[in-house]
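*Asks:* What follows is the residue order along each chain.
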Amino acid sequence: MTSAEPRYRVDALIAEDIDAYLAIHQSKSMLRFITCGSVDDGKSTLIGRLLYDSKMIFEDQLASLEADSKRSGSQGQEIDFALLVDGLAAEREQGITIDVAYRFFATEKRKFIVADTPGHEQYTRNMVTGASTADLAVILIDARKGVLTQTRRHSFLAHLIGIRHVVLAVNKMDLVDYDRARFDAIVADYRAFASEIGIAAFTAIPLSGLRGDNIAQRTAAMPWHDGPTLIEHLETVEVEAEADCARPFRLPVQWVNRPNLDFRGFAGMIAGGTVKPGDAVRVLPSGRTTQVARIVTMDGDLDEGVSGQSVTLCLADEVDCSRGDVIATADAPPQVADQFQATIVWMAEDALQPGRAYWLKLGSQTSSATVQPPKYAIDVNTMAQLSAKMLELNDIGVAEVYTDRGLVFEPYADNHDLGGFILIDKATNATVAAGMIDFALRRSQNVHWQAIEISREAHAAQKNQQPKLLWFTGLSGSGKSTIANLVEKKLHALGKHSFLLDGDNIRHGLNKDLGFTDTDRIENIRRVGEVAKLMTDAGLIVLTAFISPFRAEREMVRKMLPDGEFVEIFVDTPLAVAEARDVKGLYKKARAGNLKNFTGIDSPYEPPAAPAIRIDTTVTSPDDAAESIVDYLASHS
Amino acid sequence: MDGGNAFRPEHVGVLGGRFHGRAVPVSSRKVAPLSNPPSTKTLASKRLTHLDRLEAESIHILREVVAEAERPVMLYSVGKDSAVMLHLARKAFYPAPPPFPLLHVDTTWKFQAMYELRDRAAREAGMELLVHQNPEAKALGINPFDHGSRHTDMWKTEGLKQALDKYGFDAAFGGARRDEEKARAKERIFSFRTASHRWDPKNQRPELWRLYNARKAKGESIRVFPLSNWTELDIWQYIQLEGIEIVPLYFAAPRPTVERDGLILMVDDDRFRLDPGEEPVMRSIRFRTLGCYPLTGAVESEAADLSAVIQEMLLTTTSERQGRAIDHDQAASMEKKKQEGYF
Chain A
32 MTSAEPRYRV DALIAEDIDA YLAIHQSKSM LRFITCGSVD DGKSTLIGRL LYDSKMIFED
92 QLASLEADSK RSGSQGQEID FALLVDGLAA EREQGITIDV AYRFFATEKR KFIVADTPGH
152 EQYTRNMVTG ASTADLAVIL IDARKGVLTQ TRRHSFLAHL IGIRHVVLAV NKMDLVDYDR
212 ARFDAIVADY RAFASEIGIA AFTAIPLSGL RGDNIAQRTA AMPWHDGPTL IEHLETVEVE
272 AEADCARPFR LPVQWVNRPN LDFRGFAGMI AGGTVKPGDA VRVLPSGRTT QVARIVTMDG
332 DLDEGVSGQS VTLCLADEVD CSRGDVIATA DAPPQVADQF QATIVWMAED ALQPGRAYWL
392 KLGSQTSSAT VQPPKYAIDV NTMAQLSAKM LELNDIGVAE VYTDRGLVFE PYADNHDLGG
452 FILIDKATNA TVAAGMIDFA LRRSQNVHWQ AIEISREAHA AQKNQQPKLL WFTGLSGSGK
512 STIANLVEKK LHALGKHSFL LDGDNIRHGL NKDLGFTDTD RIENIRRVGE VAKLMTDAGL
572 IVLTAFISPF RAEREMVRKM LPDGEFVEIF VDTPLAVAEA RDVKGLYKKA RAGNLKNFTG
632 IDSPYEPPAA PAIRIDTTVT SPDDAAESIV DYLASHS
Chain B
43 MDGGNAFRPE HVGVLGGRFH GRAVPVSSRK VAPLSNPPST KTLASKRLTH LDRLEAESIH
103 ILREVVAEAE RPVMLYSVGK DSAVMLHLAR KAFYPAPPPF PLLHVDTTWK FQAMYELRDR
163 AAREAGMELL VHQNPEAKAL GINPFDHGSR HTDMWKTEGL KQALDKYGFD AAFGGARRDE
223 EKARAKERIF SFRTASHRWD PKNQRPELWR LYNARKAKGE SIRVFPLSNW TELDIWQYIQ
283 LEGIEIVPLY FAAPRPTVER DGLILMVDDD RFRLDPGEEP VMRSIRFRTL GCYPLTGAVE
343 SEAADLSAVI QEMLLTTTSE RQGRAIDHDQ AASMEKKKQE GYF
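Chains as they are written, first to last, in the numbering used here: chain A, 32 to 668; chain B, 43 to 385.
Bear in mind the hints are in silico, worked out from the structure with no lab data behind them.
Here the structure is a predicted model, which means the values were calculated and not measured.
There's no promise every hint is true.
As the list claims (entries may be wrong) - Some residues of chain A that are not near chain B, with every Cβ distance over 10 Å (derived):
| no. | residue |
| --- | --- |
| 1 | R213 |
| 2 | Q322 |
| 3 | T401 |
What the hints assert, rightly or not - Simulated coverage check for chain A against chain B, where a stretch passes if three residues somewhere in it have a Cβ under 8 Å from a Cβ of chain B:
| no. | segment |
| --- | --- |
| 4 | 44 to 52 |
| 5 | 136 to 144 |
| 6 | 295 to 305 |
| 7 | 385 to 395 |
| 8 | 593 to 607 |
Just so it is clear, CB atoms sit at the ideal spot from N, CA and C, and this is done for glycine as well.
One chain only, chain A, in its complex shape (with noise of 0.2 Å):
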């Protein structure tokens, strides 16, 4: 281990004012970064190096550090830093950091909080999430192997992500003597990558984290290298927020206080710009203008609040605005919108499914929305655009969004915190994908809904009769299609009017261009679904009898009605007896691999967890069936 003192610190001025320090120290400011590079690179080594260094290691953690290293160390006698900032037991085990970490030390400038973040290739959103809160991206790079693949990778990603600032940080220079002309030849073969991606400008510094070369120090080492050294930059370099304060004034309101009838806040945290008292603002999506009379804190109030902090506005007039909506400058508004183009990194094992609902958030406002077919997916060790139906787990794409109401937003690239969502499973609340807005549609903003004269209300009173949807579900051959006809005879014979919607039928016309697959088996349900709200609109009992294997589509049906109107049958049958049964022959077909995707064979059945009505078909017979269904119908009237 070299003798490292610790210089970021004036140990001399703590011990003889300490007033006159912490007074320094206050009114530091805060830089977030990611390391990206993979284990090989030193990544940890050189973390390890900024936290001891600054002294941020204490005797006791040094200690056992260094029973650590010994036991399970990759540097013989010597400290092993990387076991520093790895964290969890397996990790340590398999030697590998497998999440992202975040670190903090802080220097007499700046305090810094440090993502660390994994070189994996299967681990790219990691290193988004790493990214989405960083202002500037380390990229390590091993003097001995050069530009590589991952070093490609992991600046795109940066890049994409909105990083500005880059240091190409060339690391291992003790083990190539130091040499200048290849930390020359390194550094001048990313500028070719740096700048075909779009990344303008980076700050190269040759260093050694093992030795601390160049890290907190100037090393005598490479008397030739007349840039800064890695902390020197870290402390100058522009903290993005300070831009941030020129843009035009947003405050997402997250949450209205209103602890009494003469007081209404409205809460958030500024997400650009700055705001006075006495500012004209609008609130949107409603678009009503006002002014703001007042920036309460528990402090008092301020004169102005700036970017980055978290307030509470008071209007001058009492205007509607609740969670979700964004006060703005009146004269520079954001957009209002409800179709994008999105940059989409997909975060989950189970891969997007076009056409499914999933819940969008977009800082305070939450959305359902559907996620279309990609147009393309880049490949991040090329950067080339492939064609691609779907999107899998570290996958990146570009597709159209659609939400169900209109989102306030702005583009990705002018404002992260209104252009950047997340993409949450509906069944699992999983966060399955980090989208970057690139810009809205133009249609969306202009198709407006058609005002109706003669309400559903009006359809369903001329039928005496309330609407429903019956939407049965099972394994083929359960006998959805027998029972549900049965319910509509029944129902025809009592006078009312109803449709029922086969799944053969609705196949040979309506859905003919759609095959088996998953993500066609969710537009059948999607559009179904459609056709049977339109009918319930106009007053009817519809039925329809589809197999329907995803709870998230039935899910997605359930909410397109008003509640209560959907009306879930899960045609319960095993799958040995509807295989036994198999009327159409399908089953045969499907077990001899003639029939691809066949539910309940290779592609699954999710049950529904809580059917309204559920019919055991082992025991119950059709007839029976369809008479308790009309009965439930009856009772729930």
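Based on these hints, arrange chain B on the given structure of chain A.
*Replies:* Relative to chain A, chain B alone:
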């Protein structure tokens, strides 16, 4: 609120009166009127310090949870981190009181001074204080002298789960920081727990930008850590600048102590079991972290005010958690505990 009054004179020490500038706009706040003022005034008015940014982020997190969760609660342990978290909550919802209760998972073995501050702090914030003591641990007489790690497990880990289940809280704020420990460094700000309160470090939701996914199924819950990005130094500086009241045990004073297994322990009440012939010795001590008094090691110190405490912290050579017996058991012990439901 008037933090100046809550700031008890015995804590002020040499700093007395210097940091009263609280109701001031952003341009001058937190730039103490000492040496090295920022050179350009116009720039300073647009520049947020690292503490401003941390504060804004924490407030954002607190508000997001209140907007999205059905029944949030704040875990309040009476330590300095809890004090900062409570202060941030008051700021986040001002002029309303924070719209959730405080929950203290009590072991009955905390320092007396902690109980005193706890009740007063809740009252001053205008918040309901819920105190939960595991009835099973109470019945069994679980204590730190006889039961070792079972003490922490039953009173704290089990007690916490019981309390969350009892009141049906679906989001709980905790004061943990990522700089405390390696397993914490990788935990999300919104940390998802299964219905049985388990944490799965391999199945965390990615957290991007300032977007937090607070959705969960029935029975599941989220632990939320608004102080994730604060360091120990940040906490101390913020306490100083904001005049936040903390338990006097953080400041050095002569106190009755004994030495056990290399730890200096304070004899806080007569339940402390002295060995035959053992006499408590008066030492000038303070605590860097507060827990159950028979398990919390003190440091010998003369630092009787905030400046001196910060000075000692900066010059010290051991980490904060060393005073706690819980972490020494085995490598990655915290990670194990967290998976089992420890906060």
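*Asks:* Hint by hint, which ones does the structure fall short of?
*Replies:* 8
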